[in-house]
Amino acid sequence: MRRLLSKRWFTGLGVLAAAALSVAGPLFKPADVAAQSTPNTADKLPDAPPLKADEKDAAGVAVTFRPIGADSKPLATDTRVSRMLALFVADGAPPTPFLRAGRFSAVFEGDVNMRLRDTYTFSAEGRGKVTVSIGEKVVLTAEGDDFKKAAGEPVRLSKGKNKITVKYESPAAGDSALRLLWTVKDEYYAHPVPPTQLTHNAGGEAVAKGMRIREGRQLFAELHCFNCHSAGAMDAKAPIMPELKRVAPDLSDVGGRLSKDWMTAWINNPHALRPNPHMPRVFAPKGEDKGSIDPRAADVAAYLATLGGGEAKADDGPAPDDTKVSRGGQLFTSLNCIACHEPPAGLPENAAPAEVAEGETPPPARVPLKYVKAKFKAGALVKFLQNPAAHYASIPMPNFRFSEADASAVAAFLLSQAAGTMTADLPAGDAAKGKALIVTAGCVNCHAVDQEKPATFASLDAIPKDGWSRGCLSADDAGRKGAPHFKLTDEHRQAIVAFAATDRSSLSKESPAEYAMRQVKSLNCNACHARDGKESLMATTYDAAHKEMEGTYPPPKGESAEAFAPDQRAPLMTWFGEKLRPEWASAFIAGKVTYKPRPYLHAKMPGFNVDADALARGMAAEHGIGATTPEYPKPDAALAAIGSKLVGKTPNESFSCVQCHAVNKQPALNPFEAPAVNFSHARERLLKDYYHRWVHNPLRLDPNTKMPAFEREDGKTTITNVYEGDARKQFEAIWQYLLEGDEIKPPAE
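Reading the sequence shown from the start, the letters are residues -24 to -1, 1 to 725 in mature numbering (1 follows the signal peptide of the UniProt record, and there is no 0).
Incorrect hints may appear among the rest.
Claimed, not checked - Lysine-lysine pairs mimicking BS3-like chemistry, simulated, CA-CA at most 27 Å apart:
1) Lys568 / Lys359
2) Lys664 / Lys621
3) Lys664 / Lys139
4) Lys161 / Lys135
5) Lys621 / Lys105
6) Lys580 / Lys568
What the hints assert, rightly or not - Distance ranges between label pairs, derived from CB positions:
7) Ala404 / Lys457: 27 to 33 Å
8) Pro606 / Ile44: 26 to 32 Å
9) Lys143 / Ser435: 40 to 46 Å
These are calculated hints, taken from the structure and not from any lab test. Each residue gets a CB set at the ideal place from its N, CA and C atoms; glycine is no exception.
Work the whole structure out from these sequences, hints included.
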């Protein structure tokens, strides 16, 4: 009972700490508890000082890369934002897409923001050469193949901003790596400097230029500019930038899946049916009536409707079934579909936009579903939900691995609510004209349609410098002169023009860390996961989301209608890169892991149609960790035996871990509402350093965790008859036990 009470006390404390920190000001987010030697007092800390009017603080630090040695091209330097004071560049790879491979230097500049003054000691992991300064004072220097050998000098960090500069030089050969860590006072375990305490001046010219060019590069790839405009010697069929490998939907049998009327409306004006689509408006009606249907759009739709089974009609759906609709509504809500999609019935009339803190980027516009019934042919929606990528390999919609029954239930719910209809007087269109138009208008340059060959347009090299303000990038019809109309802001156009001014060789290079930065945003990971002090969209819009869904499906019978209980928070994403082995993370992102790590969550991690390996490598690189991790050795049998006893349930001799954690086929004994991750998965999932940091102080890494801290401030635990209470030795014994992996056996008690 003592430990059960202790667990609940720590859980409550985590909630209180998170609540207190959430109102502490823009610079300091919940994970800032990591900077305190006594995180349990976080609810008593004073508010952070407000920003000055002339400051443009943003998360992360600015890092400037510069080649060492031979001529540097195409840019002498390259600056971007880094969320961590860390990097990893594999041997032979360029440090950024805008620099050549080879030796380089990297200078990180920004501020470490403190709630209270205290004394810290910096340390580092990695290889090469590094110098760390706080203000003008050098507090750490290290050189060689193992930065761990260097000892830092204690430094007093003041409340508020502390200027930090980290100068790094890569080694002469091999991988380049850096991780900056710190300890406070007499703490024995070093932790990475948390991203929630790092800021930089976003108004700096170098960082603004670097990020603008990167935005242009990303837009250039995502909008498939290469599909129409070749780039001389660049091989568009074998790019290195992962986004260049993505394809548009395959239309070879689209007539068997989608309704002709919906295709007519979509081709005529994608911008009217979906916010921020990559698909441009290819056909624009002439004259004043911009809302009318261009006959060319109807012609193309008429031709596409003949592909794959003749003219398709919209799905009227099965006869109403309250049980199926209720099940589908529950799934739609509990799987967090509402975070990326508007309710199928549309938003309430009084719906307020999501609140966005000053300086933060608003969440992506949600995809409406009110036309889903008008879009899909009978039965096609169920098949789409079971495999969204079947006809669109690069679709952003992930695969939830629905069974046929669950897919049918979700489809029934969507079709019961989606009331959007197409205009009744749509032109019939001429299929013969449409077949010719899909070539001359450039449709087949992006979309696969039988064996049609793409059209030829001007190469990038043939576009004059002043031509980048015309055509596809023009802000008005006069400048476009019939070119496709992409939904771009002025900032988007400026970014693409800035990128076009480079030699575009960056498209044949890639930085895994930068790919991860882009994909975390593009995949809308923050919809479900909190990261770097920014709460998840679902957590911040919990009440609003449920109001949106009220009355949209019959209440479930015999079970609670509540989908998001307090224990339904998705795992914190801040530390994924140093927590998860990249090999396992890659499989998990791709949806190839067959088990559910957290069985208590209603939601589940879907499989994403991205380069999962590159994303996993990138998340690790952000934390200064390589793409592959050494295979763990066999566990030390003697230590594992001690670890087995420590996780057991014997009073005063164990931590009772088995109360919450399953051990292979043995379920958790008394997990309350949230059984924790099965111990049999630890070996394949976790990196050892993170495990030790986690058990040392779980609340420091995640203020909302239910995991209690068993180690006291003196480095001891209450289990004094094992290693005289030495927490480090006890936790290492447990680690050896966890290394038994899928052969692990429950404690023999």
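Comparing the hints with the structure gives:
no.	hint	result
1	Lys568 / Lys359	20 Å, holds
2	Lys664 / Lys621	20 Å, holds
3	Lys664 / Lys139	31 Å, violated
4	Lys161 / Lys135	16 Å, holds
5	Lys621 / Lys105	44 Å, violated
6	Lys580 / Lys568	13 Å, holds
7	Ala404 / Lys457: 27 to 33 Å	29 Å, holds
8	Pro606 / Ile44: 26 to 32 Å	29 Å, holds
9	Lys143 / Ser435: 40 to 46 Å	42 Å, holds
The structure is inconsistent with the numbered hints 3, 5, although it conforms to all the rest.
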